[in-house]
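Peer 1: Here is how the chains run, residue by residue.
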Amino acid sequence: MASRRGNAKTGEQSDKYSVLLPTYNERENLPLIVWLLVKYFGESGYNYEIIVIDDGSPDGTLQIAEQLQKIYGADKILLRPRAKKLGLGTAYIHGIKHASGNFVIIMDADLSHHVSTLPLKQKEGGYDLVSGTRYRGDGGVYGWDLRRKLISRGANFVTQVLLRPGASDLTGSFRLYKKEVLEKLVEQCVSKGYVFQMEMIVRARQLGYTVGEVPISFVDRVYGESKLGGNEIVSFLKGLLTLFATT
Amino acid sequence: MTKLLEWLLGVSLIGVAWGLVTFDLLDLQLPPQYRELAWPMPVYLLVVFGCYSLATVGYRVATFNDCEDAAKELQAQIKEAKEDLKKKGLKM
Chain X
1 MASRRGNAKT GEQSDKYSVL LPTYNERENL PLIVWLLVKY FGESGYNYEI
51 IVIDDGSPDG TLQIAEQLQK IYGADKILLR PRAKKLGLGT AYIHGIKHAS
101 GNFVIIMDAD LSHHVSTLPL KQKEGGYDLV SGTRYRGDGG VYGWDLRRKL
151 ISRGANFVTQ VLLRPGASDL TGSFRLYKKE VLEKLVEQCV SKGYVFQMEM
201 IVRARQLGYT VGEVPISFVD RVYGESKLGG NEIVSFLKGL LTLFATT
Chain S
1 MTKLLEWLLG VSLIGVAWGL VTFDLLDLQL PPQYRELAWP MPVYLLVVFG
51 CYSLATVGYR VATFNDCEDA AKELQAQIKE AKEDLKKKGL KM
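Quick mapping for you: the protein sequence lines, in order, are chains X and S. Numbering follows UniProt numbering, with no gaps: position 182 of the first sequence is 182. Numbering follows UniProt numbering, with no gaps: position 39 of the second sequence is 39.
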């Protein structure tokens, strides 16, 4: 087999990062997140592709995605839409099938983070999984009042005590996985919504995968609102107790 | 073993140990100091854990980073992105 010569600028020619973007009504956020991804990947020199998985958004997200594809090229922006809102787990399965990278990056269409920190950290420790955390290093939040901080830290404390997950932030969705690790985990996880994200990390540790962390600055969605009311807290506790009893 | 089972096992073991010492179930004729010490232990441990929890969460809330710089940077980038995309032909 011919030896692989690395490009002096990009280093690892063989690594490719597939970013999965499940979207639902993100016509405002999507162009901005794509622009940021193109910018950061461009600067870092890593090889990448962005896979937009739109679940039939009524606000025209798919049309915006098509325009972005024309601007940036169909090799960089892949569109794999679905007919209706089918949930996160299946969106990942669907996305993985079309991902040509050996690493998969999962992120919300939130506008927050410097994506290049993920591959960087992964290379540092050869991790199977890298997760963004608001609670360590210089990670943090913006514009949160005392109540929201208290609920967040309190919920995280309860989670740490009950699940001892070996990761400081379970509910974030800014992560990088080795493709085969993500495939294995999605197979095993049964929860829905963000509890699914929590279950992924808990199961990852149980299966012996290594987890690295990078600090992230969580800046709230610019065009939307984040509510943290009684309902959200109750459903979080339900999800947590389910994980407690089943993992 | 699930976390729930781990906890149940742990609590049972501690419970049995506590019961054995407090009520001298194995008839070991332990000196009364041991029994007096063991008897309030569960409540004592719960109180200690409660204080630890409050202190830990309080500390973490107080030291929760506020990312002013990141927010500013993001705002600037959003502006830059919109202009750039418009130039490239994106119709929003």
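It is worth saying that the hints were derived from the structure and are not from the lab. Accuracy of the hints is not assured; some may be wrong.
Unchecked claim - Simulated crosslink set (PhoX-like; lysine-lysine; CA at most 20 Å straight-line):
1) X:123 x X:16
2) X:179 x X:84
3) X:70 x S:82
4) X:179 x X:121
5) X:123 x X:178
6) X:39 x S:72
7) S:87 x X:39
8) X:84 x X:123
9) X:192 x X:85
10) S:72 x X:70
11) X:76 x S:88
12) S:3 x X:70
13) X:179 x X:16
14) X:16 x X:85
15) X:97 x X:16
16) X:192 x X:238
17) X:179 x S:86
18) X:97 x X:149
19) X:39 x X:97
20) X:184 x X:97
21) X:84 x X:70
22) S:88 x X:70
23) X:70 x S:87
24) S:91 x X:238
25) S:82 x S:72
26) X:84 x X:16
27) X:70 x X:39
28) S:91 x S:72
29) X:85 x S:86
30) X:121 x X:85
31) X:121 x X:39
32) X:76 x X:179
33) X:16 x X:121
34) S:3 x X:39
35) X:39 x S:86
Unchecked claim - From the derived model, a few chain S residues whose C-beta atoms are all more than 12 Å from chain X:
36) 4
37) 5
38) 12
39) 29
40) 57
Values in this document were obtained by computation on a predicted structure and should not be read as measured data. Glycine included, C-beta positions come from ideal geometry on N, C-alpha and C.
Peer 1: Now look at each hint and say whether the structure bears it out.
Peer 2: Outcome of the hint check:
{"no.": "1", "hint": "X:123 x X:16", "verdict": "holds, 13 Å"}
{"no.": "2", "hint": "X:179 x X:84", "verdict": "violated, 25 Å"}
{"no.": "3", "hint": "X:70 x S:82", "verdict": "holds, 16 Å"}
{"no.": "4", "hint": "X:179 x X:121", "verdict": "holds, 16 Å"}
{"no.": "5", "hint": "X:123 x X:178", "verdict": "holds, 11 Å"}
{"no.": "6", "hint": "X:39 x S:72", "verdict": "holds, 17 Å"}
{"no.": "7", "hint": "S:87 x X:39", "verdict": "holds, 16 Å"}
{"no.": "8", "hint": "X:84 x X:123", "verdict": "violated, 37 Å"}
{"no.": "9", "hint": "X:192 x X:85", "verdict": "holds, 13 Å"}
{"no.": "10", "hint": "S:72 x X:70", "verdict": "violated, 30 Å"}
{"no.": "11", "hint": "X:76 x S:88", "verdict": "holds, 16 Å"}
{"no.": "12", "hint": "S:3 x X:70", "verdict": "violated, 50 Å"}
{"no.": "13", "hint": "X:179 x X:16", "verdict": "holds, 10 Å"}
{"no.": "14", "hint": "X:16 x X:85", "verdict": "violated, 28 Å"}
{"no.": "15", "hint": "X:97 x X:16", "verdict": "holds, 15 Å"}
{"no.": "16", "hint": "X:192 x X:238", "verdict": "holds, 12 Å"}
{"no.": "17", "hint": "X:179 x S:86", "verdict": "violated, 35 Å"}
{"no.": "18", "hint": "X:97 x X:149", "verdict": "violated, 38 Å"}
{"no.": "19", "hint": "X:39 x X:97", "verdict": "violated, 26 Å"}
{"no.": "20", "hint": "X:184 x X:97", "verdict": "holds, 13 Å"}
{"no.": "21", "hint": "X:84 x X:70", "verdict": "violated, 24 Å"}
{"no.": "22", "hint": "S:88 x X:70", "verdict": "holds, 10 Å"}
{"no.": "23", "hint": "X:70 x S:87", "verdict": "holds, 13 Å"}
{"no.": "24", "hint": "S:91 x X:238", "verdict": "violated, 43 Å"}
{"no.": "25", "hint": "S:82 x S:72", "verdict": "holds, 16 Å"}
{"no.": "26", "hint": "X:84 x X:16", "verdict": "violated, 29 Å"}
{"no.": "27", "hint": "X:70 x X:39", "verdict": "holds, 17 Å"}
{"no.": "28", "hint": "S:91 x S:72", "verdict": "violated, 25 Å"}
{"no.": "29", "hint": "X:85 x S:86", "verdict": "violated, 30 Å"}
{"no.": "30", "hint": "X:121 x X:85", "verdict": "violated, 33 Å"}
{"no.": "31", "hint": "X:121 x X:39", "verdict": "holds, 19 Å"}
{"no.": "32", "hint": "X:76 x X:179", "verdict": "holds, 18 Å"}
{"no.": "33", "hint": "X:16 x X:121", "verdict": "holds, 15 Å"}
{"no.": "34", "hint": "S:3 x X:39", "verdict": "violated, 43 Å"}
{"no.": "35", "hint": "X:39 x S:86", "verdict": "holds, 16 Å"}
{"no.": "36", "hint": "4", "verdict": "violated, 5 Å"}
{"no.": "37", "hint": "5", "verdict": "violated, 9 Å"}
{"no.": "38", "hint": "12", "verdict": "holds, 17 Å"}
{"no.": "39", "hint": "29", "verdict": "holds, 38 Å"}
{"no.": "40", "hint": "57", "verdict": "violated, 5 Å"}
Checked against the numbered hints given earlier, the structure breaks hints 2, 8, 10, 12, 14, 17, 18, 19, 21, 24, 26, 28, 29, 30, 34, 36, 37, 40 and satisfies all the rest.
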